[in-house]
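Each chain, letter by letter, is given below.
Number of protein chains: 2
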Amino acid sequence: MSPALRVIPLGGLGEIGRNMMLYEYGDEMIAVDAGIMFPDEEMLGVDLVIPDISYIMRDPSRLKAVFLTHGHEDHIGGLPFLLREVNVPVFCLRLTKGLVEVKLREHHLLEETHVTVVEVGDAVEIGAFTVEFFSVSHSIPDAAGLIIKTPLGPIVHTGDFKIDHTPLMQQHTDLGRLAEVGNEGALLLAADSTYVEIEGHTPSEMRVAETLDRAIGDAHGRVIITTFASLISRIQMVIDSAVKHDRRVFVTGRSMENNVRMASDLGYLQMPSGMLMNVREMNDHPDAKTVVICTGSQGEPTAALTRMAQGSHQHVTIHEDDTVILSSNPVPGNEKLVYRNIEALFAAGARVLYNRIADVHVRGHAAQEELKIVHRLVRPRHFVGIHGEYRHLVMHRELAISLGMTEDHAIVLTDGDVLEIDENGARVAERVPADYVYVDGLGIGDVDQILLRDRAHLANEGMVVVVAAVDRRTGKLVRAPEVMSHGFVGPDDEPELLNGVQQLVTDKLGGEGDRVDWTAIHETLKDDVAAFLHNRTHRRPLVLPVMMEV
Amino acid sequence: MSPALRVIPLGGLGEIGRNMMLYEYGDEMIAVDAGIMFPDEEMLGVDLVIPDISYIMRDPSRLKAVFLTHGHEDHIGGLPFLLREVNVPVFCLRLTKGLVEVKLREHHLLEETHVTVVEVGDAVEIGAFTVEFFSVSHSIPDAAGLIIKTPLGPIVHTGDFKIDHTPLMQQHTDLGRLAEVGNEGALLLAADSTYVEIEGHTPSEMRVAETLDRAIGDAHGRVIITTFASLISRIQMVIDSAVKHDRRVFVTGRSMENNVRMASDLGYLQMPSGMLMNVREMNDHPDAKTVVICTGSQGEPTAALTRMAQGSHQHVTIHEDDTVILSSNPVPGNEKLVYRNIEALFAAGARVLYNRIADVHVRGHAAQEELKIVHRLVRPRHFVGIHGEYRHLVMHRELAISLGMTEDHAIVLTDGDVLEIDENGARVAERVPADYVYVDGLGIGDVDQILLRDRAHLANEGMVVVVAAVDRRTGKLVRAPEVMSHGFVGPDDEPELLNGVQQLVTDKLGGEGDRVDWTAIHETLKDDVAAFLHNRTHRRPLVLPVMMEV
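Chains A and E are the protein sequences, given in the same order.
In this text, residue positions in the first sequence follow this note's numbering: the first is 1, and each later residue adds one.
In this text, residue positions in the second sequence follow this note's numbering: the first is 1, and each later residue adds one.
Next up, chain A with everything else stripped away, as it sits in the complex:
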């Protein structure tokens, strides 16, 4: 009997299969995407979260290649962490390669990595798999889905997508190719579930273009626009409108400057020469002829728009004639930071347009009616939802069933589930490790739930350190204990409380009597100090007693 196809989502936080998906047949395995997640607030100090690749590392030689659907961080950000463990070829479209190479250079992996640019329609043969990229509409150019031919039949892996009949830059989802695969008989559809909660259709980018053009046309002063730095089509839209209204464009913020330069060099951004001006020349240029494109759509603390909002940007001071447009929506978790900027921009007197009050952004993912179109075109034997939280996968499964799929063919996978598909059907056969792997500085995986709990304790209560030096022969204090606190109480209350602790410790250790029992006293001293402080403040700082025999 021939082997089963195995489908394994890995690595992340309920954003199933967004970070990485493995397709395995016999001894061969390919990975689709290798993304990161950004940490929640409670992942204190964590820089990013990467997929758990321990299953791959059981036998790295089985992994033959990585295919990247598009260049967003949640699809490519984890690639360096994978490649430094197992050096396999990477295949992607051209812009994605440009974005990946920036990362590989940062990680000193550029030279040893083999990244191959493919075109949509090209087929890459890797062992038992033949992988073809097809064009999809999404919020970055060169976004693709994959048609993965396997001995059991073809898989359609959509990646992130939506259906936009009037996209910018002709970035259509290739419905014709999907229909062909469907007509030939598809084994599996793995489709984006991010916006399955939303009824109807995601509006076209054209609606945003109209709103932005009206806002730029109506403005008397400067127009300052932020969006995702990778949303090249939106940037093109702003440039087109600036050309039309005879304004010049200034770009500020590192990732925006890098992306505009890279996208221009690769031909993804088109503009008349002289359109882009240096931000240092801005103050010599009339406000009414100025458009600023900047970073900061997510309220990132050091981004250009945040600096403008706080009055600390080197070249832009917000004033009453400014129109500021946030052509973006806050990613869940960033709402507070984004609205803090909006508040500050209002306070500085600017006119501010943002997604709650104007059509300045559309989503990059398919809503229910778009998903139904793809399901009906592909008509797969099996379905699995990818991209989205668990509830989205459940709803997407229900959507598939509502279109006529039988219940045992519509499958919900969580990270680490191994789905086996063969002639007899599909089933979750086993589970492999798929934990959160936290990156903090140079450390990968050393930060765990216990360490995060320690950090949360420090964060909420602060700490108190008590250092007592005792004579090793007599067991008595040789001098008054040192007591310090950090993050615990304000300066007015601190001296009295710390003196109290000093007195308490002196009483416990300094009195006459027998030699003290160290291990016993260490714990009781900690509890005694904690109880004393809680009684006085109703706070529970971390108490760290240090006893030194000298």
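No wet-lab data here; the hints were simulated from the structure.
Incorrect hints may have been included.
One copy or any two copies: either way a pair holds, since identical chains are not told apart in the list.
In silico lysine-lysine, DSBU-like type, Cα no more than 35 Å apart, as pairs [said to hold, decoys possible]:
1. K336 <-> K103
2. K526 <-> K103
3. K64 <-> K372
4. K508 <-> K149
Keeping the supplied structure of chain A fixed, place chain E upon it in accordance with the hints.
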């Protein structure tokens, strides 16, 4: 010349005038509401944020009374902190008194406080002010606005409100009374701005009633519903539907149990006897005859729904036949916690209805068209927006101007601004203190930005303590230094790093040579250790060197 009327919003976080509003005439002052704000995530360890009352405390005898519009925390939660500084009479409607008394009891202030229940339509004379409560529709019973007669003319202070023509419990906004005041000539309208971003009308509670009734009627198993514990009308709605579908009601979660008991005792909840059953009897009662009303609409970590989602509730284990309804929306900042629960409920197999996919909640605040009705009825000489972030106040001012008010009569105030109104007009005359006052445990106001920065540092990087005992005569180490860390690195990396620090410190202090200069070495040691650790880990823990002369 007669004195000006002074209007002073105090105390909170851009949620202007929600926490507390002062109206002042000559030597007399009244306060409207005394609320709290819940802390942002970055206010580490802070329990709540209260208004800054230092302006009142300059001459507390001027404050004559506090009027409470309704019983939500952001309007009454700060009352004990005010009353313990200045004991003044409190006036409010009946349910508000019930909620306030719970707080006063907790703060041991119940006996010394004089809380007077008034009815809508009653007028309370306090010096130059005559204050009348009028009914408004909002997400809690006994919500009121105030008509405050002053020597310069009447003020309409709406409090939180919406206009609902088909409310439950007949809780209408008294448009007729507003028209009367408008016809007589109003001096000032101070109106809720929370939802001025939203076009059109806020839907009626009736729509929620229909959705909930359909969900309860369609369910085969248990129905578990969470909502705000103060949203008594919603609880009544659930009880009515349970009666209709022959189900019994079980209540779980402390604040929900307390509020249901209190509201039943005061007559705000009506139900046939025997409807409410003890949660301990639930497992002997058929699922198809069960409705559970519980806390946890905001994902609070210890609330009943959170425990159910985590599988740790004493009486309720979620299973596949359960329908769970979140009849609420996440308050900004709580999205992650709420969706974490939703995810876990889906994972447990429940059917889950929440505001993004079903009409299970409506807002408690007026949208644009409702605000316009109030503006047109009251037709005030002056307008000031209350309740909402700064951007809402700006938009509300623009709404007032769009209805014909001249620009200098429509005013935006921030906390601490003193608006003076007299025969000649209105102007911001001065500013009084209106800082954030943080409550953490028993400490009020000692937690400040510096302490929060210290806590954030500990939170994100952890800490390393180095204790070195040196001989006071020779200046040399008397034994190897002690090094400890907390929240810094995982257990695999910790020993090697801390040994490295120990070696570094020993090298610095233990070598031969001259006596060391303490103050100098303290700083350089800290920097040396920090540099060593950053180089090894790319993390920057707080380094706390303790040097003891023995």
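Okay, the hints, checked on the actual structure:
{"no.": "1", "hint": "K336 <-> K103", "verdict": "both (29 Å within a copy, 29 Å between copies)"}
{"no.": "2", "hint": "K526 <-> K103", "verdict": "between (47 Å within a copy, 34 Å between copies)"}
{"no.": "3", "hint": "K64 <-> K372", "verdict": "within (33 Å within a copy, 65 Å between copies)"}
{"no.": "4", "hint": "K508 <-> K149", "verdict": "neither (75 Å within a copy, 64 Å between copies)"}
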